[in-house]
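Chains as they are written, first to last, in the numbering used here: chain A, 1 to 299; chain B, 300 to 590.
The set of hints was computed from the structure by calculation and includes no laboratory data. Keep in mind the model is a prediction, meaning the values are calculated, not measured. Do not rely on the hints blindly, as some may be mistaken.
[To be verified] Here are some chain B residues the structure puts well away from chain A; computed CB gaps all over 10 Å: (1) 323; (2) 326; (3) 329; (4) 342; (5) 399; (6) 409; (7) 426; (8) 434; (9) 458; (10) 501.
[To be verified] Facing chain A, from chain B, some residues (calculated, C-beta under 10 Å): (11) 308; (12) 405; (13) 519; (14) 545.
[What the hints assert, rightly or not] Taking beta-carbon pairs under 10 Å as the criterion, some of the chain B residues facing chain A (in silico): (15) 413; (16) 415; (17) 502.
Using N, Cα and C, we set each Cβ at its ideal position, and we do this for glycine too.
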Amino acid sequence: MEAVIHTEELTKQFGRHIAVDRLTLTVGPGEVFGFLGPNGAGKTTTIAMLLGLIRPTSGRAVVLGHDVQREPQAALARVGAMIEAPAFYPYLSAYDNLLVLVRMGGLPVARIDQALAAVELTSRGRDQFRTFSQGMRQRLAIAAALLADPQLILLDEPTNGLDPAGQHEIRELIRNLAAAGRTIFLSGHQLHEIEQLCGRVAILKQGRLIAEGPVADLLHQGRGVLVRIQGEVAQALEILRGLPWVGALEQRDGAILIDAPPERTPEITAILAGAGVAIQEIRAHSETLEDVFLRITSE
Amino acid sequence: MNHLIAAEWLKLTKRPLTRILLAIFVALLLLQIAAQFIFASMLAGVGTGSSLALQVAEYQRRSVLPGIFGTALGHLNGLGGIFAVILTAGAMGSEYSWGTLRTQLARRPDRARFLIAKALTILLLLLLAGLVSLVVAGLLGILLGSLIPTSGSVVDGLAALPLGLLRALFVLLPYVLLTLCFTIAGRSLLAGVAGGLVYLVLEGGFGAVAAFAQLGGIWRQIYNLTIGQNINTLVLLNAHAFGLQPEQIAPTAFESLPSPLQAVAVVLLYSASFFVTALYLLRKRDIGGAG
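Just chain B, with the same shape it has in the complex (with noise of 0.2 Å):
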């Protein structure tokens, strides 16, 4: 498996749209934190105790450290994900389209082994989005934080730090093998990140059952079976890791989402069936040449 991954992660790591697609996470990254810091620095005189002071303090605790690491991997787990599509689409999808999947197989034809050490080399790079990301972030909330006060320990900030980067990684795996899924069941990039975007919007617009939610019971709980109400979980989990406070921002109703083990539990199932599908198309259907 360990030279199957060195052969992906050559073939990824030089690979211009993994570059293009780094420098453009980490410029963004960057423009949220200048984003918030100019909010908190213009807005920093209300008055205490209103909803906006809060608010205020909540984008200051965001700019700097420990807090500012919660910022990395929320961007990690927002935007990152879109990122994560595109790169899984283009992993994937381009073997079809060069025809070097047919190269490769016919060399190692153990389709189980390829589609794990790809998947595997994936996350790799998430993996190392993110700590590229967070290296940026901690350099960034050093010098921020000599402009406005720091809240909370910056020791207990990077003790979290391995699980908090684990965490975003684990939300990042159903979009990356979902998208896996369609880019094969499609055998195209492009139905790869038409598959995987589109679910992400879906996800996110899941209203009607939203406010079937309201009604409680057994609504409630179906509605928690969805995987964005999963993540939900386990991204406010890392918020709270680094200090930050989601609820002063955002109007979700935090206290209504899954526990923390049902949430792990319910992702876990989604990637697992996720890939089982993805697997089962790649061994079962021919692998044609060049598309």
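Same shape as in the complex, but just chain A (with noise of 0.2 Å):
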């Protein structure tokens, strides 16, 4: 099947700041795909690049199949996006301010009353965008990204400053665009989320893809056992590195992380065990999807 977004080689060049650096990534049709990077990581420029609205130094960025830079028009006519912060007109109401981006795209008028009830702010429509709390913002901004029955949808922290129970709520919304077949590129910092939301994952540092694909695998890649010993560790340390299944080993908070497949706890207890090793604590260990994101970004 045809990509939904497909970027190849894709910079960006501020000056001698690189933004992006030769970006190649793909995301299939229906995908809840996660974008991760620490702040200035150029996530926000990537999204930007991926809407026309910042040109890229070089390599070039295809959604839906057609060339931003060339076809703008037929690139994003079935996308919806929100980009950082909502901007919106702050004396118009939240239906004005969605009736002027119905108008500018010329779609049906009727779609204003389904995307705010889409967000709930159906009974908030007629009050002005400037007495919305963050929260409503967030949600207006979601409903404009839904306005032209998007193909694509693109969220820049779409819960950023949301309280527990509107995160929630714009989880299950993403959750429900996602069955009905949308494709979700997700960009944020809240990696639990991700982590529920999303199949596959991109990692950006400094502009550079360092880590991409599902995130069960990154997930997997962090699997293995932690020991705790009461005692000398040194012992502990030797045993293990002389078993041909065990992988690297690291000190972590008084204890030994190994990386071997959690399945070998039991071996790994009785081989201490035996050669008297005192053990406190033994389990199986497996990071989270913001282990694996500090890990992978401290490197």
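Put the two chains together into one complex; each comes in its own frame, and the hints tell you how they fit.
Spelled out as structure tokens, the structure:
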């Protein structure tokens, strides 16, 4: 199937600073794709290039089969986006703000009520945007992204500033959108959220793609066995290094993190105990996406 | 294009700044007409043939029909220029400061159409301001006409209104486009207002060039290529269309103004160059977030 997003060596340089460095990425139809990276990693610049707002220095971005630079109208006709902070006219009501976008896009006015209902803002539709809380502004931005009945939705930190209930609502909304077959490109810092929602992720650091793949695979890389020894750990380390199926050993918070299949936990217990090592605690260890993110981005 | 203009119209007409500007603009027109009328009434008995008497007669003509239409259109081309600059800078500059330009161009990426729609909508609003001021002036002209004698044909004045209004809008066109240029270049309302107003001030102060123009020949021709001189031609045409004689109250050398044809061509040329520059800047530059 044709990729919904495809970038080839996409690069953006601001003066001497390379914001995005030769990014090659493919997102397939129906995917919920997480786009991660520390602040300043180039996430928003990448999204802006996908939307034709920022011109790449080199490389290309193809959205829904169309080159964004050459055929922006065709590429973006069925794309909804929310970039950074919600941006609307403060003196206009929520309804009128959406009406501006509907008129600009030549869309049916009926979409406004549908979009407001989708984010549960119907009752506040006639209130001015300037009176809205941060959470309501975020929801209105998502409503705006839904107006064009998009095949692809780009969301840049959609739950930023929302309370836990609001975050839950937005997550449910994203799930529903994905269930309806839309492709979601989700950028953010809420790693547990990305972990819950996304099938695949890409991690960006200083403009470069440093990891990409299914969330399950990334988490699998971080699987292992954690053992806490009573007393001196040197003997335990020596024994473990001698085992052919043990990879790296890392001392963390007074424990040893063993790069080994968690299924081997009973075997490790038996070997260490047989050698007279006093084990205080031993358990299978699995990293969260946050652990993976912190490990990869700090390398 | 129609739905783009509809979107711009919604943004601009619901904006408090637009309504405030229109209210101040109309209030200042009323003030101007009142001042003219009071001046003419106070000096109504001065000796005929004197220059003061000619001025009084001109102010009388400006206070009643059909000359009051000329006053309203002159107001649109005078102070209205400042209001047009503020309105334009606000319309474009706030898109940058609120980050709404990014929201909109992500949905409607054709920047040329966006800019054309914005400029057309601003001109439509200026047309509306012109119509409002003509209606206000017309009503006031009827009222004041019962107090002082009118001169000139009201029917001819009414017939001259459509062309007069278009001419007045045409005069504002380069200021609108120049302000768009400055706003996009500076990516802010402030840059637009500053650029537009500074140009308005500079234009009035082409003193050095005007002094050389007194030498005639090539100097006069160069001076007559400035935008202000060509606009003066169009403004004078509008005044004459409503029976006014600005020559009676202003010492300007009207006889040395460019021809109407040149005036139209030069104003068009300036406007086109400002628009092309604005479009070039908007298309070339990246669109950032809220500033």
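> Which of the numbered hints above does this structure break?
Replying inline: Violated: hints 5, 6, 13, 14, 16, 17.
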